[in-house]
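> I would like the entire structure built from these sequences, with the hints used as guidance.
These protein sequence lines map, in sequence, to chains A and B.
Oh and the first sequence: position 181 is 181 in the UniProt record's numbering, straight run, nothing missing.
Oh and the second sequence: position 332 is 332 in the UniProt record's numbering, straight run, nothing missing.
It should be emphasised that the hints constitute simulated quantities derived from the structure, not laboratory data.
There could be a bad hint or two in this list.
A pair holds if it fits inside one copy or across any two, identical chains being indistinguishable in the list.
Once the Cα atoms are required to be at most 30 Å apart in a straight line, the calculated BS3-like pairs of lysine-lysine come out as [claimed, not checked]:
hint	residue 1	residue 2
1	Lys77	Lys361
2	Lys361	Lys73
3	Lys362	Lys36
4	Lys77	Lys37
5	Lys54	Lys349
6	Lys36	Lys54
There are 2 protein chains.
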Amino acid sequence: MRTLQVDLGDRSYPIYIGSGLLNEAGLIFAKHQLSKKSPVLIVTDDHVAPLYLKRVEENLQAEGYRTVSKVVKAGEKAKSLDVFHDVMTAAIEGGLDRRSAVVALGGGVVGDLAGFVAATYMRGVPFVQMPTTILAHDSSVGGKVAINHPLAKNMIGAFHQPELVLYDVDTLRTLPEREIRAGLSEMVKHGLIWDAEFAAWCGENTDRLLALDPETLSYGLTMGCSIKAQVVSQDERELGLRAILNLGHTIGHALEAIGGYGEFLHGEAISIGMAASALIAVNRGADRALYAETVRLLGGFGLPTVMPEHLDEERIIGAMMHDKKFKEQQLVFVLPVAIGQVEIVSDVKVEEVRRVIRELKKEGPHV
Amino acid sequence: MRTLQVDLGDRSYPIYIGSGLLNEAGLIFAKHQLSKKSPVLIVTDDHVAPLYLKRVEENLQAEGYRTVSKVVKAGEKAKSLDVFHDVMTAAIEGGLDRRSAVVALGGGVVGDLAGFVAATYMRGVPFVQMPTTILAHDSSVGGKVAINHPLAKNMIGAFHQPELVLYDVDTLRTLPEREIRAGLSEMVKHGLIWDAEFAAWCGENTDRLLALDPETLSYGLTMGCSIKAQVVSQDERELGLRAILNLGHTIGHALEAIGGYGEFLHGEAISIGMAASALIAVNRGADRALYAETVRLLGGFGLPTVMPEHLDEERIIGAMMHDKKFKEQQLVFVLPVAIGQVEIVSDVKVEEVRRVIRELKKEGPHV
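Here it is in structure tokens:
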């Protein structure tokens with residue numbers, strides 16, 4: 001088991017990464033002094049529940065915890081106000097009080113939903129992340145929780161740090177291949193924004209990562225979490241630096257939105273977004289090798305880096321205008337400077353985005 | 001104009017109390033560096049809008065602010081997830097960004113709703129309170145914001161401190177008499193929990209307060225806000241001391257809930273709750289004069305202090321069980337020790353509550 005500390009003053013918390021950790025949940029909860037007198041709410045989805053819910057419930061109960069579980073339908077649609085309301089109902093009916101923990105057992109969607117419930121139930125209760133996807137190595141660190149508004153993704157949310165993150169890598173073995181690829185997209189992103197050596201390592205270990213080799217994967221996840229934790233520690237509420245984590249997200253979120261949160265997985269959308277950001281940087285004078293290397297790295301994982309022909313340019317631009325990163329009428333973009341280094345620029349013109357959308361449509365078919 | 005500082009470290013903020021302040025909104029916003037590049041969202045209700053909305057919009061616009069307004073139906077039902085969703089839609093369609101301020105122009109309901117929007121829109125944007133009721137002297141201080149779940153009041157919320165509170169006492173002149181009485185209930189509460197001298201002053205100035213004598217009212221509101229601010233400064237997130245502000249609220253919230261948030265105004269419900277708390281204290285050995293004086297003070301303002309016959313005991317108890325103050329299977333109550341002093345006890349038995357419900361039903365008809 002590897003332990004990584006996210007350093008946020010009195011909101012600091014540990015991330016435990018390793019094999020078999022679901023079987024130690026009760027002990028770890030107790031070690032962190034989560035109340036045994038107050039019911040624990042486990043939020044999960046109907047893909048994860050049949051695989052791991054019973055084991056987690058029984059493990060917590062064996063340690064003296066009372067548990068209440070709420071299973072939501074898998075997929076981004078669980079991040080709606082309606083589902084949020086249903087989870088709140090389960091929390092109230094289950095008798096949760098201010099010391100109750102809300103547990104997210106699942107991927108990023110469940111983490112965001114359960115985290116927003118934890119942030120707002122009785123104005124905030126303890127929160128525990130138990131990620132079961134690769135993508136969640138990213139979303140489980142940093143305290144950003146949110147649900148979607150029909151007009152824009154993650155528009156309703158909060159900053160709510162977990163008490164701990166319990167990352168059992170055994171749960172990743174049941175992931176569909178497409179989700180494995182998409183999950184590794186955020187891992188590559190952490191290399192691209194912060195650590196050229198780690199980016200290169202991702203390139204050299206692509207096959208081992210895709211095959212979920214335990215040692216390789218544990219190292220990659222620990223590095224990814226560690227980079228994210230370093231950034232978040234320096235800027236918890238995204239006043240400056242933290243925005244670099246949004247590499248690829250301005251366009252990525254727009255693609256997810258116009259695809260109805262169904263066509264693209266998050267990791268696929270930001271993969272296209274990262275390729276687009278590199279191309280904007282190249283059009284502004286950066287070496288074309290920066291774009292080529294970005295595309296090579298992402299492509300190695302089977303991730304898309306071209307813009308599907310059928311996506312309407314106007315709709316992409318329109319969706320971007322609703323994004324949180326559209327600040328005071330300026331388009332804010334994270335652009336690469338070199339592999340492992342990015343900058344935040346706030347003067348990207350809509351025309352520059354239109355240009356790369358067109359260029360990326362010519363690069364070839366959607367992978 | 002009186003200015004009162006709420007001392008909360010880097011979340012400190014001022015409360016401006018005085019006459020004609022709506023006409024200085026733009027200047028005060030600018031002084032507090034609220035962004036003029038980002039649209040401001042004014043949330044108000046259909047009682048307040050015809051009286052003050054245009055004036056606030058024009059005043060802000062004259063100072064260079066762009067404004068977007070959302071008018072909700074007056075009443076507690078505005079604190080629903082549906083209305084919350086509608087206000088979020090207005091915020092998104094109005095193009096609010098992370099620097100936009102959300103303004104609550106109205107009473108406690110509008111303050112709670114708009115405050116929860118400010119707390120969660122894009123994970124938190126600046127918030128300004130412009131209270132137009134007496135009751136809001138209480139709710140506008142302290143950063144508690146929330147909406148209701150059908151099963152329980154204020155169940156979904158956050159702590160989100162405003163940038164400033166702008167309290168124009170001229171707006172109180174348009175309040176219905178019943179709301180004036182109910183609003184003064186929280187003012188009396190501040191005396192009862194913290195300051196015997198101020199409680200006595202409320203008793204001596206009952207008529208002047210009910211007549212909205214400007215000087216008397218300004219002093220009373222400043223004292224009420226000041227007591228609340230002192231308590232909140234010592235315990236922002238209600239880990240201990242702050243709970244004393246809940247005097248009368250355990251039973252009060254239950255009465256509001258079973259009345260469908262329609263039968264009682266908040267101030268009326270907590271008036272009955274304060275009488276009940278005093279009676280529990282008496283039944284536990286306190287001097288009966290404590291109960292008599294509490295009832296005399298509240299009754300002087302025309303506030304109810306007996307339990308209406310038609311309210312079902314089981315439903316009151318049932319509603320209390322869903323309350324946030326029901327912690328780890330114990331009933332937590334704020335009980336008076338003397339006028340101006342309370343204690344938090346966590347061992348109140350359900351039977352003690354049943355007893356005072358019955359006793360208060362015999363005390364006479366509902367005022």
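> For every hint, state whether the structure bears it out.
Results for each hint:
no.: 1; hint: Lys77 x Lys361; result: within (28 Å within a copy, 49 Å between copies)
no.: 2; hint: Lys361 x Lys73; result: neither (34 Å within a copy, 48 Å between copies)
no.: 3; hint: Lys362 x Lys36; result: neither (58 Å within a copy, 41 Å between copies)
no.: 4; hint: Lys77 x Lys37; result: neither (33 Å within a copy, 33 Å between copies)
no.: 5; hint: Lys54 x Lys349; result: neither (51 Å within a copy, 36 Å between copies)
no.: 6; hint: Lys36 x Lys54; result: within (18 Å within a copy, 53 Å between copies)
This entry does not satisfy hints 2, 3, 4, 5, going by the numbered hints stated previously.
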